[in-house]
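J.: Keeping the supplied structure of chain A fixed, place chain B upon it in accordance with the hints.
Top to bottom, those sequences are chains A and B.
Going by our numbering, the first residue of the first sequence is number -9, and it counts up by one from there.
Going by our numbering, the first residue of the second sequence is number 14, and it counts up by one from there.
It is worth saying that the hints were derived from the structure and are not from the lab.
Be aware that one or more of the hints could be misleading.
[What the hints assert, rightly or not] Okay, the calculated bits of chain B under chain A, using three or more residues with CB under 8 Å as the criterion:
# : stretch
1 : 19 to 32
2 : 90 to 99
3 : 152 to 165
Even for Gly, the Cβ is constructed at its ideal location relative to N, Cα and C.
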Amino acid sequence: MTTRTEVAGTREARVANAAFEHLLRLADDRLVLGHRLSEWCAHGPILEEDIALSNIALDLVGQSSALLALAGEAEGRERDADALAYFRDEIAFRNVQLVELPRGDFGFTIARQFLFDAYSVLLWDALQHARHKPLAGIAAKALKEDKYHLRHSSDWMLKLGDGTAESHARAQRSLDELWRYTGELFESDAVDAAVARQGIRVDHEALRAQWREMVADVLHRATLAVPADGPMATGGRTGCHTEFLGHLLAEMQIVARSHPGASW
Amino acid sequence: MVTRTELSREEVLRILDSVKDPEVPVVSVVELGIVRDVHVHDGAVRITVTPTYSGCPAMRELEHDMRAALEARGASEVAIETVYAPAWTTDWIGAEAREKLRRFGIAPPGRAEQGGLIALVRRRASVQCPYCGSRNTVLRSEFGSTACKAIHYCNACEQPFDEFKAI
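Excised from the complex, chain A in its bound form (with noise of 0.2 Å):
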């Protein structure tokens, strides 16, 4: 029987391979809400509102193919992009739970997003700046791309928050059942800390107070409370997840899965 340390692999092969383990948090990211995002296709509310969301989940499919394509080089054992997106399992997958959350109503699909694209231009602003080159040149890109995203997804917060009441009710509760999901965003461990050493370093506190500032400017002008801190939940960055995600990856894998090597 293989144990679930064997598949998830132990605290020191993280470390061992810190650079790909780093690489998969941002690809996964990326990956799980781009895929979460492509379920609006042709179920937007909206002409515009599908065509935008279907943009922006290309963006995050993009970025994470080129993100995973530095994984695979960095793991050295010759998987690639396409490898590791279809032929990993729910454990082996980094990242944070608030992205594979079923998307719920359009509000709680904004709301999400907001909260990720607050976070993801902060980071990329920060990693653009990074001695590791090939990440640099991708964090600089994704940054003009995430720039549009959290553009949309705060116009959005202000339309719904500041709206009607039942828009600025769902948008509320969207934000409270969201909240407990972003301290995962800031956390930093062994692996983080082994990969600074290797010229990719982001500082989580002081990202933490940038994004806050951020979320609650925008909030404010919503006329929406910024949620409470309580217990946040943890687990994704070493392949703990929720429910959702294996069914998630089963929708986007069979394929590959059931024809591997095909091409079209």
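T.: Here is chain B on its own, set in the frame of chain A:
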């Protein structure tokens, strides 16, 4: 039957200038700034490209078209390498290509934002209608038919139009 010939760097660039973006068929991959560099050595052609958007579905097709165009002209060995830095910017699109976009009905991009994080509450200047030239236009959606475009509406001539987003 195509005869194998050794193309010069200038010839390669000229051939690539005939390869158009499938989504914007009036401007070439060279005019868009997707082709960053070309090296020719012993008949082998090496092209360095950079994607417009990370998720642009046209990139794979463009690479295929570039390869096909060069092979049809006798290139025997074509390698295409993707680089991410420096990140693609619409500022690389020249005046002539911008005019081609406008005549095609796509408002050309303004200046790309420099540095800074983001103005969350934005007051974007209105974009000039490519059909009638009016500035009495409104932004309908930041996201359009392709990753690189936004949708606007002209109140003067009552037409929707695309804008090539400044990035």
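J.: Each of the hints needs a verdict: does it hold here or not?
T.: Here is how each hint holds up against the structure:
1. Under the rule that three or more residues need a Cβ within less than 8 Å of chain A, the assignment of the stretch 19 to 32 of chain B is violated, with 0 such residues.
2. Closer than 8 Å: that is the beta-carbon criterion, and the stretch 90 to 99 of chain B has 4 residues meeting it against chain A, so the requirement of 3 holds.
3. Only residues whose C-beta sits within less than 8 Å of a C-beta in chain A count toward coverage, and the stretch 152 to 165 of chain B has 8 of them, enough to reach three; the restraint holds.
The structure does not agree with numbered hint 1 stated previously, though it agrees with all others.
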